[in-house]
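Visitor: What follows is each chain in one-letter form.
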Amino acid sequence: RKEVEQDPGPFNVPEGATVAFNCTYSNSASQSFFWYRQDCRKEPKLLMSVYSSGNEDGRFTAQLNRASQYISLLIRDSKLSDSATYLCVVRKGGGGNKLTFGTGTQLKVEL
Amino acid sequence: NAGVMQNPRHLVRRRGQEARLRCSPMKGHSHVYWYRQLPEEGLKFMVYLQKENIIDESGMPKERFSAEFPKEGPSILRIQQVVRGDSAAYFCASSPPSGDETQYFGPGTRLLVL
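If you read the protein sequences in the order shown, they are chains A and B. Read in order, the letters of the first sequence are residues 2 to 112 in the working numbering. Read in order, the letters of the second sequence are residues 6 to 119 in the working numbering.
Derived from the structure by calculation, the hints contain no laboratory data. Bear in mind that the values here come from a model prediction, so they are computed numbers and not experimental data. Any given hint might turn out to be false.
What the hints assert, rightly or not - Here are the simulated DSS-like pairs of lysine-lysine, each with C-alpha atoms no more than 30 Å apart in a straight line:
#1 B:LYS56 to A:LYS99
#2 A:LYS93 to B:LYS67
#3 B:LYS32 to A:LYS46
#4 A:LYS99 to B:LYS76
#5 B:LYS32 to A:LYS3
#6 B:LYS67 to A:LYS99
#7 B:LYS56 to A:LYS93
Whenever a hint applies, use it, and build me the whole structure from the sequences.
Guide: Written out as structure tokens, the structure reads:
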């Protein structure tokens, strides 16, 4: 079983749609959680950290359920520029700094 | 403030040659991480270094791969006797010494082994 699992997609949605991505992680020792965005042939860029209380940044909302080991990302009013691969990322605590990445969910926003 | 810099951006090597990938962290950052992304796969952690120290190399292949982060100069990921399976994008990330541990990624080096 992969440490971080995501539906690879692609999710093809019209502009203005709301889309949700889910992610599950297997290591209960994971303490930090992130969503990164990766454009084709580019480096990953941090979209947002994910907190247990849930957090929002503009059109993006992230949720974490520690009991279920489940992370979600909601994108409202999607734009063409949101088209990218969204990477679910976890980091184990205890001084370990390495990030464990999911394989990503591809989003295509269309006119 | 310049971001993480990597060079070369593209590197072509023949089987059996050596590949040297360089990474200069963001200014003020003393932690460097190397990740590898094979075609159609997610990023995989390779090694975590601080100045002159390897902190975690649990993701490094046992042979042919080595990494260093000297007191002066960039971090180097070295691959000896490259094979076709080494073809991948190699990303470097850096983070500050303490507090915010967010990792910021460089543009990557795309290695192609012929």
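Visitor: Which numbered hints turn out to be false for this structure?
Guide: Structure breaks hint 5 only.
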